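Respectively, the protein sequence lines represent chains F and B.
If you're matching positions, the first sequence starts at 12 in our numbering and goes up one per residue.
If you're matching positions, the second sequence starts at 71 in our numbering and goes up one per residue.
Where hints are given, some of them may not hold.
Here are the simulated lysine to any residue pairs, SDA-like style, with alpha carbons at most 20 Å apart [unchecked claim]: (1) K109/F to I152/B; (2) K109/F to L141/B; (3) K109/F to S208/B; (4) K109/F to L241/B; (5) K109/F to I52/F; (6) K109/F to G97/F; (7) K109/F to E150/B; (8) K109/F to L147/B; (9) K109/F to G148/B; (10) K109/F to R47/F; (11) K109/F to V96/F; (12) K109/F to A49/F; (13) K109/F to T75/B; (14) K109/F to A149/B; (15) K109/F to L146/B; (16) K109/F to T242/B.
Selected chain F positions facing chain B (in silico; Cβ < 8 Å) [said to hold, decoys possible]: (17) L35; (18) A63; (19) M87; (20) V89; (21) S92; (22) L98; (23) A103; (24) L116.
Treat the hints as calculated values from the structure; they're not laboratory data.
Bear in mind the structure is a predicted one, so any value in this text is a computation, not a measurement.
Each residue gets a CB set at the ideal place from its N, CA and C atoms; glycine is no exception.
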Amino acid sequence: MFTELQEANFLVPTSYYVILSAVLFTIGVAGVLIRRNAILIFMSIELMLNAANLAFVAFARAFQDLSGQVFVFFVMTVAASEVAVGLALIVAIFRSRKSIDIDELHSMEG
Amino acid sequence: MTPGTVLFLILALIAVASAIGMLTSANAVHAALFLVINFFCIALFYLGLHAPFLAMVQITVYAGAIMVLFLFVIMLLGAERISLGSTLRWQGPLAIVLVVLLLGVTIFILFSPQIGSQMPVPEVWTAAQAAGDAEFGSPASVGLVLFERYLLPFQMVGILLLVAMIGAVVLTRDELKTGRKRREAQTAVSPDGQTGEVGEA
Numbered sequence: 012m013f014t015e016l017q018e019a020n021f022l023v024p025t026s027y028y029v030i031l032s033a034v035l036f037t038i039g040v041a042g043v044l045i046r047r048n049a050i051l052i053f054m055s056i057e058l059m060l061n062a063a064n065l066a067f068v069a070f071a072r073a074f075q076d077l078s079g080q081v082f083v084f085f086v087m088t089v090a091a092s093e094v095a096v097g098l099a100l101i102v103a104i105f106r107s108r109k110s111i112d113i114d115e116l117h118s119m120e121g
Numbered sequence: 071m072t073p074g075t076v077l078f079l080i081l082a083l084i085a086v087a088s089a090i091g092m093l094t095s096a097n098a099v100h101a102a103l104f105l106v107i108n109f110f111c112i113a114l115f116y117l118g119l120h121a122p123f124l125a126m127v128q129i130t131v132y133a134g135a136i137m138v139l140f141l142f143v144i145m146l147l148g149a150e151r152i153s154l155g156s157t158l159r160w161q162g163p164l165a166i167v168l169v170v171l172l173l174g175v176t177i178f179i180l181f182s183p184q185i186g187s188q189m190p191v192p193e194v195w196t197a198a199q200a201a202g203d204a205e206f207g208s209p210a211s212v213g214l215v216l217f218e219r220y221l222l223p224f225q226m227v228g229i230l231l232l233v234a235m236i237g238a239v240v241l242t243r244d245e246l247k248t249g250r251k252r253r254e255a256q257t258a259v260s261p262d263g264q265t266g267e268v269g270e271a
């Protein structure tokens, strides 16, 4: 997939960035799967969004197309609004249940 | 190994180490600070990828605004200490196995010649272009693309932010109102012990 890019002194091949992005995304998935705290799960989701953004910017450079960077800008705005609403939900849940451990939030199960 | 690759490897090491630190720390504040380190590393990667505008937005929005919101909520709820133990014993090991599998499959799909070659990455970024195309990724060029080709999505994102703002206010305001009503009822009861209509008035 990735041809070796011309070796100027400070040019890192796109493939390195994509591998790093995959590793960071995987750590984020592990956080969502392992942690039981709702705030920590939120942070892991932010980590995954950032990993995807890194891949976007790396490909924007490889294709010489600024659309990738503009899309990262949009992803950041969506992430900001997601965090605002999500943390408001967590605060509301904590006020009514006195806990944000997701193992204890099972009042909707059948 | 070129200086750029060495720099990349050092930064990548810091980024992965801080992400793992976030994953394993027992204190929510420490986890948030590890995530700030990770966001700074990603901002530096953006600088290396000819995206200085995004690097600055990353620092102000992510490392600044979003993480301050996280720290504020953690301290507001007093939820610094987190229990690392899970109620399901097999969940942690199973998650690690699945995650390693996911990473392997992702990298295999990206780099296997059968699947990956259908989406070739062009070899357009050469040293000559790096010298000539210094404008790529500058705030002016990003702004031109944003306001010419992506004007409608830009407006929609503005509406999304407005909706999120109203949503956050409404979600927390309801609780405030019931809390005040409860407090008024308590003060109405406590002075002389009779439950009059003081709370309603």
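Here's how the hints hold up against the structure:
1. K109/F to I152/B: holds, 14 Å
2. K109/F to L141/B: holds, 18 Å
3. K109/F to S208/B: violated, 47 Å
4. K109/F to L241/B: Within the cut-off at roughly 16 Å; holds.
5. K109/F to I52/F: With Cα atoms ~18 Å apart, K109/F and I52/F stay inside 20 Å; holds.
6. K109/F to G97/F: Within the cut-off at roughly 17 Å; holds.
7. K109/F to E150/B: Holds, at about 14 Å.
8. K109/F to L147/B: The given pair, whose Cα atoms are some 9 Å apart, holds under the 20 Å limit.
9. K109/F to G148/B: At roughly 11 Å apart (the allowed maximum being 20 Å), G148/B and K109/F satisfy the hint.
10. K109/F to R47/F: holds, 15 Å
11. K109/F to V96/F: Cα-Cα ~19 Å, so holds.
12. K109/F to A49/F: holds, 13 Å
13. K109/F to T75/B: At roughly 49 Å apart (the allowed maximum being 20 Å), T75/B and K109/F break the hint.
14. K109/F to A149/B: holds, 10 Å
15. K109/F to L146/B: holds, 13 Å
16. K109/F to T242/B: holds, 15 Å
17. L35: holds, 6 Å
18. A63: Because about 11 Å separates A63/F from the closest Cβ in chain B, which is outside the 8 Å limit, the hint is violated.
19. M87: Constraint on M87/F satisfied, holds at 5 Å.
20. V89: holds, 7 Å
21. S92: The hint holds - S92/F has a Cβ within 8 Å of chain B, the shortest such distance being about 3 Å.
22. L98: Given a least distance of 5 Å, the restraint on L98/F holds.
23. A103: holds, 5 Å
24. L116: violated, 12 Å
Of the numbered hints listed earlier, those contradicted by the structure are 3, 13, 18 and 24.
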